[in-house]
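Turn these sequences into a full structure, and let the hints guide you.
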Amino acid sequence: LRPAATAPPAAAARSSCVCKAPEGDAFEREAPVALRERLRLFWRLAVPYFEQAEGAKLNFGLMLLLVLINSGISVIFSYVGRDFYSALSAKDQALFLEKTGNFALGLAVATPLTVLYKFQRQRLALNWREWMTTELARQYYTEQTYYKIEIDPEIDNPDQRITEDVAAFTKVSLDFFITLMTAAIDLVSFSGILYSIYPQLFYAIFAYAGVGSLTTVKLGQALVGQNAEQLLREANLRYSLVRLRENAESIAFYQGELQEEAEVSSRLGGAVENKRAILGTQRNLEFFTVGYSYLIQILPVLVVSPLYFAGSIELGVITQSTGAFNHVLGDLSIIVNQFEGLSSFSAGLGRLASFVERMESYRRDPADATFVLSEAQLAKLMQREKPRRSAWDLLLYGQRGAPPPPPPPPP
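By UniProt numbering, the letter at position 192 of the sequence shown is numbered 192, and the numbering carries on one by one without gaps.
Since the hints were made in silico from the structure, they are not lab data.
Some hints could be false.
With a straight-line Cα cutoff of 20 Å, these simulated DMTMM-like cross-link-like pairs (lysine to aspartate or glutamate) come out [to be verified]:
{"hint": "1", "residue 1": "Lys148", "residue 2": "Glu135"}
{"hint": "2", "residue 1": "Lys91", "residue 2": "Glu314"}
{"hint": "3", "residue 1": "Lys148", "residue 2": "Glu286"}
{"hint": "4", "residue 1": "Lys171", "residue 2": "Glu143"}
{"hint": "5", "residue 1": "Lys275", "residue 2": "Glu234"}
{"hint": "6", "residue 1": "Lys57", "residue 2": "Glu164"}
{"hint": "7", "residue 1": "Lys118", "residue 2": "Glu130"}
{"hint": "8", "residue 1": "Lys171", "residue 2": "Glu51"}
{"hint": "9", "residue 1": "Lys275", "residue 2": "Glu263"}
{"hint": "10", "residue 1": "Lys275", "residue 2": "Glu286"}
{"hint": "11", "residue 1": "Lys171", "residue 2": "Glu135"}
{"hint": "12", "residue 1": "Lys171", "residue 2": "Asp159"}
{"hint": "13", "residue 1": "Lys57", "residue 2": "Asp175"}
{"hint": "14", "residue 1": "Lys118", "residue 2": "Asp186"}
{"hint": "15", "residue 1": "Lys148", "residue 2": "Glu360"}
{"hint": "16", "residue 1": "Lys275", "residue 2": "Glu229"}
{"hint": "17", "residue 1": "Lys275", "residue 2": "Glu164"}
{"hint": "18", "residue 1": "Lys57", "residue 2": "Glu135"}
Following this line, the structure appears as structure tokens:
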């Protein structure tokens, strides 16, 4: 490391230098990215595992097969449940016992398949996380990338990105993909059931889901930025405590406890303040989403009840229409049901992708590892590091460096 320009110590302290940018508010915030860019980042991070990892495609194919089987089970149970309640409504005991036996048989077949599906999904997510974390760690250690990241003013908390962000990315990516796939299958399967029962119910569900999705996006759009900020503030708070542990000896020597305590308190306050803003946004969003979910329980019954009272349909058809309605509405209401999780996922996706692309840029062009800080950034860095390090030490050796040992005495 070196000062950006050759100058005496006093002048160099006023110059821009090659060193680590301060944590916290001095970091440049990552700007919101368009949906197309988010999809590009997702594809960039997700594809390598399935192209390079041994057995990844086979495990993924097995999971898709189990998804199809589980969707088929849901359709079959809608008819089994319809016949069960129709027999109960008809007060036909023999028919009721027969339908009960059919239900028990279906349950015996469906239970192990459902358990295997859940197990395969979790195992695939774990394998994906293991491979991705190992690969990122390998890149992080290669060609002293860890040191270049340490002095990069645009990348904060690489430990969090390699561990927590990767774990969240693999789990949520897989969950959301399965949700989309299941939604597509269910939409085709149960839409036919709904339309055959009562076409008006089929049209009502699209109108209800459309209004719900638009309202949810409007009320919750601030969550994406708030969640990204929360990830940064939580990571900076954790970093303050790690730094205290790593530099315990020098902090004790310079009696810097009050400064460290004030730093931790300040970062905790920032994290709590932003979390309160998130809770307020979530509260406003849930005023709508909770009512939206409660109305689902009676809406299909209200729509088809005139047919039941007219004697056109049996009680079992009402239960089947309710189940089909909930399936299709759940498929069409992905934005409503998954918005909070997707906003957090989007924030983590941007952080993880910027980390990966930054490491790749170092390998393509070593000059990318040179950073120039402004006077304000340098002043904040020196202020943050007091009293443990002098400004000149920071300029010469960087945030993590140390002066060389004195030369041995002459013989």
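Legend entry - Holds or violated: Lys171 to Glu143, with C-alpha atoms at most 20 Å apart: violated, 30 Å
Inset, instruction - Would you check the hint for Lys275 and Glu263, treating anything up to 20 Å between C-alpha atoms as holding? - result: holds, 18 Å
Inset, instruction - Please work out if Lys275 and Glu164 have their alpha carbons no farther apart than 20 Å. - result: Holds, at roughly 18 Å.
Legend entry - 20 Å Cα cutoff - pair Lys171, Glu135: holds, 17 Å
Legend entry - Given hint Glu51 paired with Lys171 - CA-CA distance at most 20 Å: holds, 18 Å
Legend entry - Hinted pair Lys57 and Glu135, Cα distance within 20 Å: Given pair Lys57, Glu135 holds - Cα atoms ~18 Å apart, limit 20 Å.
Inset, instruction - Please work out if Lys57 and Glu164 have their alpha carbons no farther apart than 20 Å. - result: Judged against 20 Å, a Cα distance of about 24 Å means the pair is violated.
Inset, instruction - Quickly compare the C-alpha distance for Lys275 and Glu234 to 20 Å and report which way the hint goes. - result: holds, 10 Å
Legend entry - Distance restraint between Lys171 and Asp159, which requires alpha-carbon spacing of 20 Å or less: It holds: about 18 Å lies between the C-alpha atoms, which stays within 20 Å.
Inset, instruction - Below or equal to 20 Å on CA atoms is what counts here, so check Lys118 against Glu130. - result: Holds. Lys118 to Glu130 sits at ~19 Å (cutoff 20 Å).
Inset, instruction - Please work out if Lys148 and Glu360 have their alpha carbons no farther apart than 20 Å. - result: holds, 12 Å
Legend entry - Agreement of Lys118 and Asp186 with the hint, judged by alpha carbon distance not exceeding 20 Å: Measuring from Cα to Cα gives roughly 18 Å; hence the hint holds.
The structure is inconsistent with the numbered hints 3, 4, 6, although it conforms to all the rest.
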